[in-house]
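Protein chains in written order, with the working numbering: chain X, 1 to 114; chain P, 1 to 115.
By construction, these hints were calculated from the structure, which means they are not laboratory data. Among these hints, one or two may not hold up.
[As the list claims (entries may be wrong)] Estimated spans, in silico, between C-beta atoms of each pair:
#1 83/X - 96/P: 46 to 56 Å
#2 17/P - 71/X: 17 to 27 Å
#3 40/P - 31/X: 22 to 32 Å
#4 70/X - 71/P: 37 to 47 Å
#5 115/P - 15/X: 34 to 44 Å
Ideal Cβ placement from N, Cα and C applies to all residues, glycine included.
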Amino acid sequence: GENVEQHPSTLSVQEGDSAVIKCTYSDSASNYFPWYKQELGKRPQLIIDIRSNVGEKKDQRIAVTLNKTAKHFSLHITETQPEDSAVYFCAARQKKSSGDKLTFGTGTRLAVRP
Amino acid sequence: DAGVTQSPTHLIKTRGQQVTLRCSPKSGHDTVSWYQQALGQGPQFIFQYYEEEERQRGNFPDRFSGHQFPNYSSELNVNALLLGDSALYLCASSLGYGQGFQPQHFGDGTRLSIL
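Construct the complete structure from the given sequences, taking the supplied hints into account.
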């Protein structure tokens, strides 16, 4: 089955700096890669996603890049703000003929220092 | 536009008991997936329901079962509860598979504690 590895497990940056979180996946059949932000005690919220036929996608301060050959994808947050502090999860979706599921990474705890 | 709603929010059970968790999908969604999130971990896929049938299942024992109703809502049942079943149970809804890259939207979850 699919295996998703995520690094780093914790990340601390100064407000205004950039943050980068990296994930690798094992199943070349995975074709959709969402990123979720989860604040303490709250639901995971989808912040950006990318399909396997796209190399990069950007939404304001957030961008995701995908390298299908190397089977890795990354989340980039620019001009970080204290409200960006949360746990971020990457995921890979395996599309099979009778359903699809998300396999999640282990999460990155991002702390933005004011 | 109502999002994914789950009930109850918290639940305390003892070992050996049975529990039922409920989920109503986001308006317009017809597919429900269930995930287990242990403390400090990423969500783990349990199973997915579409058209009232289990379509795919993760590595969870048969003690975990589910159901989807004609109105697309869903239940997760866990029998013979173990201490290791303590976790946050998340429901996610989406608009069917086979219809492109539809994102999954999560509910707030049910926090299950086993004593």
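Tested hints:
no.	hint	verdict
1	83/X - 96/P: 46 to 56 Å	34 Å, violated
2	17/P - 71/X: 17 to 27 Å	42 Å, violated
3	40/P - 31/X: 22 to 32 Å	29 Å, holds
4	70/X - 71/P: 37 to 47 Å	44 Å, holds
5	115/P - 15/X: 34 to 44 Å	42 Å, holds
Checked against the numbered hints given earlier, this structure breaks hints 1, 2; the rest are met.
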